[in-house]
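Based on the provided sequences and hints, a complete structural model is requested.
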Amino acid sequence: MAEGNGDKELQTLLREKHVKFIRQHDDKREDDFAYWAVSHLRVSGYYWGLCAMASLGALDDMPKGSILSFVRSCRHKSGGYGGSPGHDPHLLYTLSAVQVHALIGALEELDKESISKYVSGLQQADGSFFGDRWGEVDTRFSYIALNTLALLGRLDAVDMSKAVDFVLQCVNFDGAFGVVPGAESHAGQTFCCVGALAIAGKLDQIDVDLLGWWLAERQLPSGGLNGRPQKLPDVCYSWWVLSSLGMLDRLEWINKEKLISFILQCQDPDAGGIADRPDDRADVYHTFFGVAG
Amino acid sequence: EELLLWFHRQWTTLRLQEWHTCDWGYELELCTAFLKADCRNFHCWNYRRHVTEQARTSAKDEFAFTTKKILELFSNYSAWHQRSALLPQTCTSEEELAKALQREIDFVKNAFYTDAVDQSPWLYYRWLLSQLKDDVDMKQELATCEELLSEDMELTPFESKWPTLTEVSIRKRLGETSHESELLRASLTRLAEVDPDRKNYYEYLMGK
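Protein chains in written order, with our numbering: chain A, 1 to 293; chain B, 294 to 501.
Treat the hints with caution; some may be incorrect.
Claimed, not checked - Quick partial rundown of chain A residues pointing at chain B, CB under 7 Å, derived from the structure:
{"hint": "1", "residue": "Glu-136"}
{"hint": "2", "residue": "Asp-174"}
{"hint": "3", "residue": "Gln-219"}
{"hint": "4", "residue": "Trp-253"}
In case anyone wonders, no lab produced these hints; they're calculated from the structure. Yeah, the Cβ is synthetic: ideal placement off N, Cα and C, and Gly gets one too.
Structure below.
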């Protein structure tokens with residue numbers, strides 16, 4: 001845990017420290033409980049790490065061969081991918097697997113047909129997507145499904161019109177989106193819905209000014225962004241909110257300098273990595289989103 | 294706040310209902326208890342929607358629940374959100390809805406007159422205004438904002454943000470443009486001063 005961050009003014013991105021922080025995560029510490037506690041999402045962990053390294057200009061520092069090999073071993077006969085070898089397939093890890101291949105330049109190695117079939121098999125009559133065979137519905141899965149297929153060039157595999165219809169049912173009184181129809185607006189879900197609509201070319205179907213403003217209101221006096229009204233800022237919203245504003249072409253509606261300053265304050269100057277907010281513990285997930293922001 | 298646990302409970306209740314019966318009354322009480330501990334837990338609010346749908350709880354009863362939560366805490370955005378979804382469901386005609394909107398406007402004013410800085414009631418108020426069909430009603434609400442912003446109320450610049458922003462949105466609804474309306478221009482300029490982080494947004498509104 002970083003100490004004394006409040007005393008130092010972290011004004012630059014500590015690139016080398018973050019590269020080292022991410023790189024050390026690949027050391028298999030199999031006697032470490034934490035290693036096993038996150039095994040269900042290890043494929044996504046590789047995506048966050050790779051993407052962060054790419055943003056830091058250090059993609060070549062990652063052991064691409066062994067990462068690809070690990071991801072391949074997570075493939076399920078249904079065409080989907082699990083979070084670790086032997087784990088059940090889920091849309092979440094299927095997207096991460098495709099993204100890892102895309103980052104490494106190995107998209108052509110994927111069995112696009114079977115992945116497309118796995119994804120399209122999860123679409124429901126109302127256009128929504130299950131996350132896996134157990135039936136959880138969430139607008140995250142709409143975005144994940146469309147992102148996966150877009151990367152594979154296979155958007156034809158699903159009913160796009162119905163997928164869009166379902167997403168539009170999740171708009172709320174404030175112009176933002178929730179997890180299912182009727183659910184409270186949340187910046188993470190909003191990112192997924194805006195992303196899905198952007199992929200489908202249907203951003204004209206929403207009130208862009210109203211949503212852009214709701215997103216801009218996520219910026220707090222500290223410069224950090226929160227996920228919904230009255231909540232604390234969190235570095236991952238640098239991505240969810242900022243990317244949404246970017247897709248809506250409203251990026252200038254927040255104070256960029258203050259956000260940058262907030263993210264930099266969340267760095268751990270000793271061990272590297274970025275945390276959710278200043279003086280908290282760093283992790284790969286927030287390092288990725290902080291760097292991306 | 295673990296997402297998957299809530300989904301698992303939801304899935305389990307549906308299997309119980311299929312195979313035997315689920316005690317939806319108990320599940321609803323559970324939600325009430327959890328929301329007492331954490332009134333912004335959106336997983337719990339979602340789960341409550343699942344339970345009330347299965348139990349066929351009336352929209353009016355759930356609407357009353359949101360009233361209770363809001364009176365406990367005016368800034369409870371989750372409750373205001375739920376209220377926005379339920380309001381149309383509690384009305385069976387356009388006339389009823391119009392009357393309900395007026396009652397809601399009076400209700401939300403209690404909240405923002407108590408604390409002008411709390412954004413939740415203002416966001417709900419803005420939505421209510423967007424549902425109004427009559428310019429006469431809109432002008433009445435413009436007068437409300439102007440009264441709040443008047444010198445008598447002694448709002449600080451920081452406190453003036455939400456009433457000013459609402460005043461701007463009403464003026465635009467009434468067809469005013471920055472080009473023609475000095476009052477609109479003055480309000481947008483003031484907003485950029487009291488809320489500089491979002492000055493580009495106010496500049497955008499100035500140009501529209």
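Hints and how they fare:
| no. | hint | verdict |
| --- | --- | --- |
| 1 | Glu-136 | holds (5 Å) |
| 2 | Asp-174 | holds (6 Å) |
| 3 | Gln-219 | holds (6 Å) |
| 4 | Trp-253 | holds (4 Å) |
Of the numbered hints given earlier, the model fails none.
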